[in-house]
Amino acid sequence: MQEIKREDLIAKAAQLLADGTVDRVIGWKKGEFDYDVTPAVFTTKEELENEFVWNDFCGANFSKYIKKEAEKSESKVMAFLKPCDTYSFNQLLTEYKFDREKVYVVGVPCNGMLDDSKIKESASGISSVTEENGKVVVDTLYDGKITLERADVLAERCANCKSKKHAAYDELLGTEGEVLDSKRFDEVEKLEKMTPDERFAFWQNELSRCIRCNACRNICPACTCEKCVFDNPASGVENKAISDSFEEKMFHIIRAFHVVGRCTDCGECSRVCPQNIPLHLLNRKFIKDINGFYGEYQAGAEVGSRAPIVDYTKEDLEPSEAVERGEENA
Amino acid sequence: MQRIGVFVCHCGTNIAATVDVKAVAEALKSEPGVVFSTDYQYMCSQAGQDIIKNAIAEHKLTGIVVCSCSPRMHENTFRKTAAAAGLNSYMVEIANIREQCSWVHKDMPTGTEKAIILGKAAVAKVSLNAPLTPGESPVTKRALVIGGGIAGIQTALDIADAGFPVDIVETKPTIGGKMAQLDKTFPTLDCAACILTPKMVEVAQNENIRIFSYSEVTDIKGFVGNFDVTIKRRARYVKEDLCTGCGACTEKCPQKKVPNEFNLGMDNRRAIYIPFAQAVPKVATIDPNYCTMLKTGKCGVCSKVCTAGAIDYQAKDEFVEEKYGAIVAATGFNPISMDKFDEFAYSQSPDVVTSLEFERLMNAAGPTAGTLLRPSDHEHPHTIVFVQCVGSRCSSCAEKGKEYCSKICCMYTAKHAMLTRDKYPDTDVYVFYIDVRTPGKAFDEFYRRAVEDYGVHYIKGMVGKVVPEGKKLKVQASDLLANKQLHIDADLVVLAAAIEPDKSARPLATMLTASMDTNDFFTEAHPKLRPVESPTAGVFLSGTCQGPKDIPETVSQAGAAASKVIGLLSKDKLTGNPCVAHSDENMCNGCSTCANVCPYGAITYQDKEFRMPDRTTKMRRIAVVNEAVCQGCGCCTVACMSGAMDLKGFMNKQIMAEVDAICK
Amino acid sequence: MQVNEFKPLIVAFCCNWCSYAGADLAGNNRLNYPAEVKIVRVPCSCRVNPMFILRAFQKGADGVILCGCHPGDCHYTSGNYYTRRRMALLFSMLDYLGIEKERTRVEWVSAAEGAKFAATMNDFVEKVISLGENKRLEDLRCKK
Numbered sequence: 001m002q003e004i005k006r007e008d009l010i011a012k013a014a015q016l017l018a019d020g021t022v023d024r025v026i027g028w029k030k031g032e033f034d035y036d037v038t039p040a041v042f043t044t045k046e047e048l049e050n051e052f053v054w055n056d057f058c059g060a061n062f063s064k065y066i067k068k069e070a071e072k073s074e075s076k077v078m079a080f081l082k083p084c085d086t087y088s089f090n091q092l093l094t095e096y097k098f099d100r101e102k103v104y105v106v107g108v109p110c111n112g113m114l115d116d117s118k119i120k121e122s123a124s125g126i127s128s129v130t131e132e133n134g135k136v137v138v139d140t141l142y143d144g145k146i147t148l149e150r151a152d153v154l155a156e157r158c159a160n161c162k163s164k165k166h167a168a169y170d171e172l173l174g175t176e177g178e179v180l181d182s183k184r185f186d187e188v189e190k191l192e193k194m195t196p197d198e199r200f201a202f203w204q205n206e207l208s209r210c211i212r213c214n215a216c217r218n219i220c221p222a223c224t225c226e227k228c229v230f231d232n233p234a235s236g237v238e239n240k241a242i243s244d245s246f247e248e249k250m251f252h253i254i255r256a257f258h259v260v261g262r263c264t265d266c267g268e269c270s271r272v273c274p275q276n277i278p279l280h281l282l283n284r285k286f287i288k289d290i291n292g293f294y295g296e297y298q299a300g301a302e303v304g305s306r307a308p309i310v311d312y313t314k315e316d317l318e319p320s321e322a323v324e325r326g327e328e329n330a
Numbered sequence: 001m002q003r004i005g006v007f008v009c010h011c012g013t014n015i016a017a018t019v020d021v022k023a024v025a026e027a028l029k030s031e032p033g034v035v036f037s038t039d040y041q042y043m044c045s046q047a048g049q050d051i052i053k054n055a056i057a058e059h060k061l062t063g064i065v066v067c068s069c070s071p072r073m074h075e076n077t078f079r080k081t082a083a084a085a086g087l088n089s090y091m092v093e094i095a096n097i098r099e100q101c102s103w104v105h106k107d108m109p110t111g112t113e114k115a116i117i118l119g120k121a122a123v124a125k126v127s128l129n130a131p132l133t134p135g136e137s138p139v140t141k142r143a144l145v146i147g148g149g150i151a152g153i154q155t156a157l158d159i160a161d162a163g164f165p166v167d168i169v170e171t172k173p174t175i176g177g178k179m180a181q182l183d184k185t186f187p188t189l190d191c192a193a194c195i196l197t198p199k200m201v202e203v204a205q206n207e208n209i210r211i212f213s214y215s216e217v218t219d220i221k222g223f224v225g226n227f228d229v230t231i232k233r234r235a236r237y238v239k240e241d242l243c244t245g246c247g248a249c250t251e252k253c254p255q256k257k258v259p260n261e262f263n264l265g266m267d268n269r270r271a272i273y274i275p276f277a278q279a280v281p282k283v284a285t286i287d288p289n290y291c292t293m294l295k296t297g298k299c300g301v302c303s304k305v306c307t308a309g310a311i312d313y314q315a316k317d318e319f320v321e322e323k324y325g326a327i328v329a330a331t332g333f334n335p336i337s338m339d340k341f342d343e344f345a346y347s348q349s350p351d352v353v354t355s356l357e358f359e360r361l362m363n364a365a366g367p368t369a370g371t372l373l374r375p376s377d378h379e380h381p382h383t384i385v386f387v388q389c390v391g392s393r394c395s396s397c398a399e400k401g402k403e404y405c406s407k408i409c410c411m412y413t414a415k416h417a418m419l420t421r422d423k424y425p426d427t428d429v430y431v432f433y434i435d436v437r438t439p440g441k442a443f444d445e446f447y448r449r450a451v452e453d454y455g456v457h458y459i460k461g462m463v464g465k466v467v468p469e470g471k472k473l474k475v476q477a478s479d480l481l482a483n484k485q486l487h488i489d490a491d492l493v494v495l496a497a498a499i500e501p502d503k504s505a506r507p508l509a510t511m512l513t514a515s516m517d518t519n520d521f522f523t524e525a526h527p528k529l530r531p532v533e534s535p536t537a538g539v540f541l542s543g544t545c546q547g548p549k550d551i552p553e554t555v556s557q558a559g560a561a562a563s564k565v566i567g568l569l570s571k572d573k574l575t576g577n578p579c580v581a582h583s584d585e586n587m588c589n590g591c592s593t594c595a596n597v598c599p600y601g602a603i604t605y606q607d608k609e610f611r612m613p614d615r616t617t618k619m620r621r622i623a624v625v626n627e628a629v630c631q632g633c634g635c636c637t638v639a640c641m642s643g644a645m646d647l648k649g650f651m652n653k654q655i656m657a658e659v660d661a662i663c664k
Numbered sequence: 001m002q003v004n005e006f007k008p009l010i011v012a013f014c015c016n017w018c019s020y021a022g023a024d025l026a027g028n029n030r031l032n033y034p035a036e037v038k039i040v041r042v043p044c045s046c047r048v049n050p051m052f053i054l055r056a057f058q059k060g061a062d063g064v065i066l067c068g069c070h071p072g073d074c075h076y077t078s079g080n081y082y083t084r085r086r087m088a089l090l091f092s093m094l095d096y097l098g099i100e101k102e103r104t105r106v107e108w109v110s111a112a113e114g115a116k117f118a119a120t121m122n123d124f125v126e127k128v129i130s131l132g133e134n135k136r137l138e139d140l141r142c143k144k
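Chains as they are written, first to last, in the numbering used here: chain A, 1 to 330; chain B, 1 to 664; chain C, 1 to 144.
One should not assume that every hint holds.
Stated by the list, open to error - Keeping only pairs whose Cα atoms sit at most 20 angstroms apart, straight-line, the calculated DMTMM-like set for lysine to aspartate or glutamate is:
1) C:K7 <-> C:E102
2) A:K314 <-> B:E585
3) B:K257 <-> B:D287
4) B:K653 <-> A:D231
5) A:K29 <-> A:E49
6) A:K288 <-> C:E100
7) A:K97 <-> B:D660
8) A:K67 <-> B:D317
9) B:K618 <-> A:E318
10) A:K102 <-> A:E74
11) A:K72 <-> B:E609
12) A:K164 <-> A:E302
13) A:K67 <-> B:E136
14) A:K68 <-> B:D339
15) A:K102 <-> B:E609
16) B:K608 <-> A:E226
17) C:K127 <-> A:D231
18) C:K7 <-> B:D660
19) A:K162 <-> A:E296
20) A:K118 <-> A:D36
21) B:K239 <-> B:E136
22) A:K314 <-> B:E403
23) C:K101 <-> A:D231
24) A:K67 <-> B:D607
25) B:K400 <-> B:D317
26) A:K227 <-> B:E609
27) B:K221 <-> B:E136
To be verified - Simulated restraints, written as ranges between beta carbons of each label pair:
28) A:L172 <-> B:F610: 31 to 39 angstroms
29) A:E101 <-> B:K256: 27 to 35 angstroms
30) C:F6 <-> B:D614: 56 to 64 angstroms
31) A:E101 <-> B:T218: 54 to 62 angstroms
32) B:G300 <-> A:E315: 49 to 57 angstroms
33) A:T140 <-> C:F6: 28 to 36 angstroms
34) C:F6 <-> A:N205: 20 to 28 angstroms
Bear in mind the hints are in silico, worked out from the structure with no lab data behind them. Fair warning: this is a prediction, and the values are worked out from it, not measured in the lab. Glycine residues also receive a C-beta, built at the ideal position from the N, C-alpha and C atoms.
Between the sequences and the hints, there should be enough to build the whole structure, so can you do that?
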């Protein structure tokens, strides 16, 4: 259950549309199922009242949508941003992806979003998902009502939420939270503790499922290239190489490398992956290493901050020491 | 499709002994694009080059691969050969089958196999080469010299003599630098002022030289041949063009208690002052930290006595912007602070002085008018202890001293000791040293005269402690040769403090993007072969900002830097390196990541209108590389996520093709 | 003995100003190192894109080594500092994916260090040989 009510969000959006502050609103609308909420652009109060949705499945990070919508807007575009989304928002601003003046950010508090794939593990034929007394109640076609603990079906990224505090907004609805001391690196550490053989087996198993649908790339708020290097004929890696191995790994390593110091750990890549590959574990490894090697750095915490990958000190670790330290951490 | 020719060199037996050159030529024949392949004994010889030229003409080659020695050796040779045959000189690739193959591998099959692979990589690369043309940029025929000491003065004079305008920027109110503070100079003992001040006057009178004294450089943009420099002229509250340097104001100024920095604080000057009699420009300066008028608005004496009407209390800092073709750093040195050397009691006793302070104590224009007197009680010292290497060659005490040898101290200490004994034969002079280093013309003779003719007591060993006790300074030291402890009751202790680069050098290096070593000395482009050039094109080094030096060395280096500047300024246009970064505007995201890593500031951003497929237009921020500034390191190409930024001559595709060829 | 027959494929990226010259010096001094090492010349170690390294592995390299000027001595003043950060992160990531850290290395070799170049290559090749062929990249789908 979220702190702010749907009606409050609609009222806020409708008011901003009515007084001309903004001419389009990025929000969520219902998809085919309850748990299948999809991003949408609203331009009238009627649209909002008919279609706007705000529930435990509104995980989509709107910051990347702002780029396109701001270009279309005559005045400003409004976006509802949850705390984690605002980091991506700042990161995009740092990279000059849109004009801050063209955006009106309404910060909304977030109690964590649910992961439909986790619900599906215990329920099939889902007809609706509601909440009663802090528990998640799933109506199914065949098995009736199933009650689940919220913690058990919380999205991984929300269970390890890094911040309930917004890094940017024009207006905030509800109450502001705090930056959290999350356990998000625990899983990375678990992998680091494995032997190289085990780690290889783990990733071989995960990445071999990749169908290269590019969903991770397309959703990623840090992947905002005009043209991706994998589509760039001058890069030498465009499309797939004539090779019978390593293709998807190369793609995912390069993708993760390209968002080093820019990835805010919003977790959208893993959310949208149709093959459920834990892609966030690649990004988090880089984040963890950066924190360990060069000091704590949170991309998007501030606009204009310089990412550690485009910075240096004369006393930096040697690459040999750096990997060693990765082992030590294990 | 390229038409590639392959030329395999025997290099006598250097290559042919471990590489089957015929087999290499034969194997490379079947590589895609190769239409001609041959081998010859010496490809770099005239006959070898003719083979290449003829093949280019005969087979209409569009690219060539020479399998030979290192490209560092003959790449240029073969580029010229190609150009002579009408082929773009950047359509040449070298496969290094000598240094990196035949010379390091022992048997023929291994060497041959590797040579073939290296050849294939070069063929793969050259088939993706594109003709490149070096860019040209004009040269602003004006030089900037930063620092007006003897180094800057000599450089400026030499450049001006060649007919080019030069500006000197000096932070102090006068040029002259450290040399102006010296009394006599080793090893000839001529008076520093007598040889320096005529040069200063020459500078002032030279029509090609402008002096910006009491000024500093605040911003440098641009690149070799085209620097845009902002110079801040600090308000001196005296109009330079009106002041005649008569000195009436400096005599009448009621604020008399200002420590005189020219005499290192050993006496006082007024709030309005001319640093010394021969100052250039000879113009008074008001010290805003002490001037009562500037601080409280009450006084105005100097204004009243100035018959020229030169005083201007309302003066403000002014900024001058000027274009230069070349910049010379001549920022000089300072003795290091003695604050951390408690063992020598420098901060406890005024009678423990540095060598530069001793210079002033000996100087006729100094605080004691040239009579050697103790700063504390103005009595003649009878026992003087000189301590060498204070903070120099100090590998264990890096936090207070320097690891390097300051080079000049041995000689000036010998000079001080000799002059003291010459003027005051009744004084006992002791010099404590680690080694006496006298490599220089007439240097060792000079030092031996101090010992043999003047009876200076040279003692190998370090002073452990100096303790002020009553009027005496108790010096505890060890004599390493006699292997005993010494206790000397000294009247004066002189510390040969290590020298360090001036503090202004570091921010200047940042502005110039010139590199420095860990001690903040400027780095040379090559320590032996290009000692007066910075690795940053168009930036030259003069004097001690590059490393410790004495006056003759400084002057010769200053002249060398000047000749490099003259060489640059005599060109009307500069030809650049064509292997520079280039951004594909259609793919650029405008994210600024590349600009963040560029060490030369070669990347700027602009908004450009793009036509979209749906016939609308869209403004996008894109990166633009200044090809004259870019040095071609390629750092930006890796920072660029989309691969929009690429490096000509070392394109992503080319390197990838080499990797592919090696790994095939 | 299969172990003895294993000839690893090593790609060495060398910066033009220091390490490539260091390799030349190793040649001048006739200092032997295995022929399995193939050098690719780049202007600066910072020109080496992680893509090149991954591509080498993809195409069958068993080890990749990057050589550049010593920190502080970069011809381009700061290129190798960026290299150091990039490669620290990349190699740590490759290790995380199971590609042993011994297969990747960054070494600073000056133009005067021909002996160091040869020694480094000998040592690196030896390490890679002890690890064996790089099979860490196969996709499950490609298992034959």
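Consistency of the hints with the structure:
1. C:K7 <-> C:E102: Roughly 16 angstroms between the alpha carbons, so the hint for C:K7 and C:E102 holds.
2. A:K314 <-> B:E585: With Cα atoms ~33 angstroms apart, A:K314 and B:E585 exceed 20 angstroms; violated.
3. B:K257 <-> B:D287: 12 angstroms, holds
4. B:K653 <-> A:D231: 14 angstroms, holds
5. A:K29 <-> A:E49: 10 angstroms, holds
6. A:K288 <-> C:E100: 19 angstroms, holds
7. A:K97 <-> B:D660: 36 angstroms, violated
8. A:K67 <-> B:D317: Roughly 45 angstroms between the alpha carbons, so the hint for A:K67 and B:D317 is violated.
9. B:K618 <-> A:E318: Outside the cut-off at roughly 44 angstroms; violated.
10. A:K102 <-> A:E74: Holds - the C-alpha atoms of A:E74 and A:K102 are around 9 angstroms apart, at most 20 angstroms.
11. A:K72 <-> B:E609: The given pair, whose Cα atoms are some 16 angstroms apart, holds under the 20 angstroms limit.
12. A:K164 <-> A:E302: Within the cut-off at roughly 16 angstroms; holds.
13. A:K67 <-> B:E136: Since the Cα atoms of A:K67 and B:E136 sit roughly 39 angstroms apart, the hinted pair is violated (cutoff 20 angstroms).
14. A:K68 <-> B:D339: Not OK: A:K68 and B:D339 at ~62 angstroms, beyond 20 angstroms, violated.
15. A:K102 <-> B:E609: 19 angstroms, holds
16. B:K608 <-> A:E226: Measuring from Cα to Cα gives roughly 14 angstroms; hence the hint holds.
17. C:K127 <-> A:D231: 37 angstroms, violated
18. C:K7 <-> B:D660: 18 angstroms, holds
19. A:K162 <-> A:E296: 13 angstroms, holds
20. A:K118 <-> A:D36: It holds: about 13 angstroms lies between the C-alpha atoms, which stays within 20 angstroms.
21. B:K239 <-> B:E136: Violated, at about 42 angstroms.
22. A:K314 <-> B:E403: 19 angstroms, holds
23. C:K101 <-> A:D231: 30 angstroms, violated
24. A:K67 <-> B:D607: 16 angstroms, holds
25. B:K400 <-> B:D317: 36 angstroms, violated
26. A:K227 <-> B:E609: 17 angstroms, holds
27. B:K221 <-> B:E136: 18 angstroms, holds
28. A:L172 <-> B:F610: 31 to 39 angstroms: Given range 31 to 39 angstroms: holds, Cβ gap about 36 angstroms.
29. A:E101 <-> B:K256: 27 to 35 angstroms: 60 angstroms, violated
30. C:F6 <-> B:D614: 56 to 64 angstroms: Given a distance of about 57 angstroms, which is inside 56 to 64 angstroms, the answer is holds.
31. A:E101 <-> B:T218: 54 to 62 angstroms: Distance hint for A:E101, B:T218 is violated at roughly 32 angstroms.
32. B:G300 <-> A:E315: 49 to 57 angstroms: 54 angstroms, holds
33. A:T140 <-> C:F6: 28 to 36 angstroms: Distance hint for A:T140, C:F6 is violated at roughly 57 angstroms.
34. C:F6 <-> A:N205: 20 to 28 angstroms: 27 angstroms Cβ-Cβ, so the 20 to 28 angstroms window holds.
Checked against the numbered hints above, the structure violates hints 2, 7, 8, 9, 13, 14, 17, 21, 23, 25, 29, 31 and 33; every other hint is satisfied.
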